[in-house]
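Engineer: Single-letter residue listing:
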Amino acid sequence: MKSSLFILLLMLSPVAVHAIDAIQFTNPEQQADYEILTSELRCLVCQNQTIADSNAELAADLRRQVHEMLQQGKSRDDIVQFMTDRYGDFVLYKPPFKAKTGLLWLGPVVFLLLGLVAVFFVVRRKNQVSAQDSEQAEKLAKIRRLLDEGEAS
Amino acid sequence: MAVFLAIGLNLNPHEIPSPLLNKPAPVFSAPKLQTTARDGDSVPISSEPTLPPNETLSTADLKGQVWLFNVWASWCVSCREEHPVLNQFAQQKAVTIIGLNYKDDPAAANNWLNTLGNPYNISIMDQDGRIGIDWGVYGVPETFVIDKKGWVRYKHTGPVTVADVQQTLLPLITQLQGE
Numbered sequence: 001m002k003s004s005l006f007i008l009l010l011m012l013s014p015v016a017v018h019a020i021d022a023i024q025f026t027n028p029e030q031q032a033d034y035e036i037l038t039s040e041l042r043c044l045v046c047q048n049q050t051i052a053d054s055n056a057e058l059a060a061d062l063r064r065q066v067h068e069m070l071q072q073g074k075s076r077d078d079i080v081q082f083m084t085d086r087y088g089d090f091v092l093y094k095p096p097f098k099a100k101t102g103l104l105w106l107g108p109v110v111f112l113l114l115g116l117v118a119v120f121f122v123v124r125r126k127n128q129v130s131a132q133d134s135e136q137a138e139k140l141a142k143i144r145r146l147l148d149e150g151e152a153s
Numbered sequence: 154m155a156v157f158l159a160i161g162l163n164l165n166p167h168e169i170p171s172p173l174l175n176k177p178a179p180v181f182s183a184p185k186l187q188t189t190a191r192d193g194d195s196v197p198i199s200s201e202p203t204l205p206p207n208e209t210l211s212t213a214d215l216k217g218q219v220w221l222f223n224v225w226a227s228w229c230v231s232c233r234e235e236h237p238v239l240n241q242f243a244q245q246k247a248v249t250i251i252g253l254n255y256k257d258d259p260a261a262a263n264n265w266l267n268t269l270g271n272p273y274n275i276s277i278m279d280q281d282g283r284i285g286i287d288w289g290v291y292g293v294p295e296t297f298v299i300d301k302k303g304w305v306r307y308k309h310t311g312p313v314t315v316a317d318v319q320q321t322l323l324p325l326i327t328q329l330q331g332e
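These protein sequence lines are chains L and C, in that order. In this text, residue positions in the first sequence follow my numbering: the first is 1, and each later residue adds one. In this text, residue positions in the second sequence follow my numbering: the first is 154, and each later residue adds one.
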């Protein structure tokens, strides 16, 4: 009983998902901006983590950079610009829509449309085939009937 | 679909194109790494302007010459692999080689140069990684080529090999020195 309770408690314990820094903001808006920015910027060393999640040194440096720029009164756009100027769009988890990233954004829609077109043609062909089949069956039945009639007479 | 998969599998996700290419190099003014290893200093490049003997080096000091900017650190494992290539390249005296000693301990860095040789004319120190951020450094080693105007013309991520030097760096440097 005791051990199952312990296991249950372990399952309920919150998992720490953020790298821990002692970063303080006096202004709650800046705090919010900080949290949004660090969860939108990619850590380039461990590419599938945001800089908020990563414990890599570069991520810590980038968090420090974000913190300092917010303290200096820079806007979120300023900071995103600062990062993309240095690391490119890859640093953003949500890349902007432009010519270079068009395929990335429109690709899924294009594939969906291609799929729909393919489904349309397949279904139409199936219908035509079955229509032909029933036509043939009717003809055969007619022939059989005529033959039967001829034999009877 | 198969074509996309094939392309995707052959891309290297660690090769991130640098937005700095063909733009003015990020400005720095940084303290030089004081080193007792003299090899690098003892190979001045004849036709290039000499660098001022200050305690710091700035990008302005390098205007008018082509230079190689190599990001290194004594804690970096692949730098050890790259180092002999740079030493050999420095012997050719083809170009000024500036090192960015990235997030390193100066004593450890000095020790590294004394033990393995010093291919750098000058190394500057970036202990808190700020110059690294300005240059979009995300993995050490990285190597940049900067032209006479002070523009970034090439970036190489990861250790430079002998083949990279022969096939890419040297032809580019020769071309840029002629510009």
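Please note: incorrect hints may appear among the correct ones.
Keeping only pairs whose Cα atoms sit at most 27 Å apart, straight-line, the calculated DSSO-like set for lysine-lysine is [what the hints assert, rightly or not]:
no., chain 1, residue 1, chain 2, residue 2
1, C, K302, C, K176
2, C, K302, L, K98
3, C, K176, L, K74
Just so you know, these hints were derived from the structure itself, not from any lab.
Engineer: Now, for every hint given, state plainly whether the structure supports it.
Structural biologist: Hint by hint, here is what the structure shows:
1. K302/C <-> K176/C: holds (10 Å)
2. K302/C <-> K98/L: Between K302/C and K98/L the Cα gap is close to 30 Å, so the pair fails against 27 Å, i.e. violated.
3. K176/C <-> K74/L: Roughly 24 Å between the alpha carbons, so the hint for K176/C and K74/L holds.
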